[in-house]
Every structure is written in structure tokens, then in C-alpha cells.
Amino acid sequence: MTTSTRTVSGDAGTGSGPVVVTGLGVAAPNGLGVEEYWRAALAGRSGIAPITRFDPAGYSVRIAGQLDIEPKKHLPGRLLPQTDHMTRLALIAAEEALADAGADPKEMPAHAAGVVTAASGGGFEFGQRELEALWSKGGNHVSAYQSFAWFYPVNTGQVSIRHDMRGPGSALVAEQAGGLDAISKACRNVRAGTALMLAGGVDGSLCPWSLVCMTKSGRLSNATDPDRAYLPFDAAASGHVPGEGGALLVLEARAAARERGARILGEIAGYASTFDPRPGSGREPGLRRAVELALADARITAADVDVVFADAAGVPDLDRIEAATLAAVFGPRGVPVTAPKSLTGRLLGGGASLDVASALLGLRDGVIPPTAAAVHCAYADEIDLVTGAPREARLGTALIVARGYGGFNSALVVRR
Amino acid sequence: MPTTTFTMDDLTRLLRECAGEDDSIDLDGDIAGTEFEDLGYDSLALFNTVNRIERDYGIRLSDEIVAEVRTPGELLAEIAEHL
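Residue numbers (the working numbering), protein chains in the order written: chain Z, 25 to 440; chain W, -13 to 69.
Honestly, the hints are just simulated from the structure, not real lab data. Errors might be hidden in some of the hints.
As the list claims (entries may be wrong) - Cut-off 20 Å, straight-line C-alpha distance, at most; resulting in silico cross-link-like pairs (EDC-like, lysine to aspartate or glutamate): (1) Z:K161 x W:E40; (2) Z:K97 x Z:E59; (3) Z:K97 x W:D12; (4) Z:K97 x W:E3; (5) Z:K130 x W:D8; (6) Z:K97 x W:D42; (7) Z:K161 x W:D42; (8) Z:K161 x W:E3; (9) Z:K97 x Z:E119; (10) Z:K97 x W:E7; (11) Z:K240 x Z:D341; (12) Z:K97 x W:D8; (13) Z:K96 x W:E7; (14) Z:K96 x W:D8; (15) Z:K96 x W:E3; (16) Z:K96 x W:E40; (17) Z:K96 x W:D12.
Based on the sequences and whatever the hints tell you, model everything.
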């Protein structure tokens, strides 16, 4: 092993030209659907609350960004017995994104459209229910749909089946970073000739099984006050709350999008991912390299970036690293930084995709959505954190930063 | 005479529970001769439903039944032989 820091760049600006976003679909704890979410984000309305999906009394984590829906209102009956909650949310977001793009893959040539989603554990809630049935009642009480409903690429599968998207299909597992990695992977598919890709993450699972798995990271908040449970960059930061939801984006080559008269929300201009050195090695974390390489991939400098959507771990050591990294790359308070995820919780594979959606909506409307009002930035000398109220600004370029538990760092640049 | 009966209503009830219902299809209509595929049910949907019927009614159907029966009428006839 000669190096422990591996790098993948997005190779923007080559091949078939720029890749643009022509559609968005959002499912977030503070709003289902793009515009409902965006209104909540700008108003600083939080979706973080005590868990009610199950009784969390026996668990160290009681607070989450829970998103409840009435499944029958949104999805065909045939899909209900075979889908986990997070897959239902993904199907809803996928339908919205394709409609938003004015695209119907069923009308396109056979392999012209594909799907890439970010995932973490798959359909945990569904899986827990079936495992309970197996061990309490027996094998003949387990649904045949358990064969795929729990599986982490299930969202890619269900979305591609429903919309007849027979082109490239894949799933990426890199915790939070996956929400950016999936978008970059889809850009490569577009550059390789696929006309339309649906990409991003809609993830999360609020059930005892997944909660126990997630608490093993030691990064979840044990707070019981929803307003104080996830305070990234605050001196009182004590971990994050888990949430469910995310965003899916429709991606196309710019030339093709213009040709069909599609509305263009922005360009995926650059991307990079790095991996952290071994814990305890004392070497610099991979975050700064990811940010710098993403800027280089977009062929811009730090001065060109108008806003940063932070990873915002909510864990003191990680917040300190991110604040120092942003100050080093952009200069102290050199660029506005925000963390609207403080209003949703961290959405596993969905969180960074939602940040990309927020960035694109921010570019559209010339406004930076705020970090939760309860956050008092402890790194004010290093970062200019937009908190409590939206900030109007002329925005041309945004950087989205994501770190996935286990050493993943990714950064993505979008521009108008 | 079998002491237990299994009717078309029982079948549609279990199809709805185990595999859901295609919103464009009326399961309460005359579906005895309609192919499962045209009712929106694939082999996995049928597998899930047959498994439930076996469990609820304490019967054992052949492993190939999902591939063999094509319509609700055929499935009802097959079940009747095992009750």
C-alpha cells in the first residue's frame, strides 16, 4: 500500500460537454415535494421531532427527522406490499423529478434512461418486520417481497421498473458522501451516452434495528429537546439526529436539454472524492483535498464559489475539521456557509443530494437557506455561517460538501 | 363434502393483502377467466399469495402451481382439490 488517500475526480468539461440538472424531486422531514420543502427551508421550519414511528423509550436516541406519508395517496396499490418506507419516498421523489423535467422515459428509446441511487442499509423497517415474523411465527410468515425490499439497491430497481428506465442502473454506498457520488456517477453515464439519468439518494430508516446500527457510530445525539438535538458548529454540538428523505435529480447533457427545450436548473460543474487516512495516523483528513479537487475539476478557484453547503456533522471534532478546512481553502469567513440539514437531520445517503437540490434552488432564487436558528456558531472567526434567516445573495456557484461515516469525503460544484 | 370453502372473494381479499391491487383493475368484476398477468400480478405476487393461502388454510399446493395456473378460476379449482 503506497497511499491511503485515493481520489476520484468528476472529469467535468470533457466528453460530451456539460451535464445539467433539468428536474428535482424532494422528500424531506420538513416538506414533501420541492416547493413545500423549499418554503420550509427558507422559513427555518424544522422537521426534527420526537420519534413516533415506534416507541423509542428504550433507546438512547429519541429524536429524529421523521417523514410520515399516507402511502395510498401517493403510490399504486401494487407497490405497497413490496416497498419499505424509504423506497416509497424514493418513488414519490422520482415521479416528481421526472415530471419536473418534463421527461417520460417510457417515451424514450429502450436504454436511453437510467438510475443511480445512494443507499446505506436498504429497507431496514421492512426487513425488521419480516425478521420478526420469521423468528416469532416461522418462515412461512415471511413476505416473498423480503427477497428485495430490504436490499440496498432496491430504490434503483423499483424506480427503474416503474418508469421503464432500462439504461445504466447502480447503487452507491458511502453514507452521506454517497448522495454526491451517485450524482457524479450519473454524470459519467450521461457523458458515456445515456440521454437521461435520475440520480441522488432518498434514504433513512427509523426502526429499532437501524437505530441500534446507527448508534454504533457514536455520532448520534442523545438529546431529548428537538431544538437542541442537532447543533452543527455550535459549542453545544453533541451529535446529529437521523432523518429520512433526500432528493433525486434528472441529469442530461446540456446540448440535449436545450434541444428539447428543457428548463435548466444548473450545471454539475465539478466533483471529487477522497478517502481519509487510517484513524490515528495523524495525517490530514481527506476533506480539504476533496474540496480542492472538486474546484479544480470545475476549473474554478475558491474565489468563484458563492456559497458552501456544509457537511455539518454536529460532532465537535468533525465540525472543527470542517470549519478549519473551509477557512483554509476560502480564507477566514471568505464565503457564506450554511447547513439546512440542521432542520431535517442527517438523511444517510439522501442528505447530500438534498443539499444539492437546496443549492440549485438557492441559485434559482438568489437566496441562501439558513442553518437552524438555535445554532450559535462556535467557529465564527473561521466560517460565516448563515443562521436563523435566509440571506439574499447573487449566487452563481455553490459547493456541496459531504462526509460519510467510515472515511468518505466528497465535494460537488454546481453553477447556474 | 369439504368442511372448508375457498371462494373468489377469499382469493381477491388475499391478493389485495399480499400483493396489493392495480388501481386500473376491478378485482370485484368477473375475473375467473382473466389471466393473472392481465390483472397486474406477476409470479412473485402469486407466490406471496399462494404462500398465505397455504398457511391460512393448512394446505400444501405443488411447488409448480405459481407457474402452472394462469387464472383465478384455475387457482380456485386447484385449491378446492386440496381442501
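Verification of the supplied hints:
1. Z:K161 x W:E40: holds, 15 Å
2. Z:K97 x Z:E59: holds, 18 Å
3. Z:K97 x W:D12: holds, 18 Å
4. Z:K97 x W:E3: holds, 17 Å
5. Z:K130 x W:D8: holds, 19 Å
6. Z:K97 x W:D42: Outside the cut-off at roughly 30 Å; violated.
7. Z:K161 x W:D42: At roughly 13 Å apart (the allowed maximum being 20 Å), D42 of chain W and K161 of chain Z satisfy the hint.
8. Z:K161 x W:E3: Holds: K161 of chain Z and E3 of chain W sit about 18 Å apart, inside 20 Å.
9. Z:K97 x Z:E119: holds, 13 Å
10. Z:K97 x W:E7: holds, 14 Å
11. Z:K240 x Z:D341: holds, 17 Å
12. Z:K97 x W:D8: Given pair K97 of chain Z, D8 of chain W holds - Cα atoms ~14 Å apart, limit 20 Å.
13. Z:K96 x W:E7: holds, 11 Å
14. Z:K96 x W:D8: holds, 12 Å
15. Z:K96 x W:E3: Holds, at roughly 13 Å.
16. Z:K96 x W:E40: Violated, at roughly 28 Å.
17. Z:K96 x W:D12: Distance of about 17 Å is within 20 Å: holds.
In summary, the structure is inconsistent with hints 6, 16 from the numbered list given earlier, while agreeing with the others.
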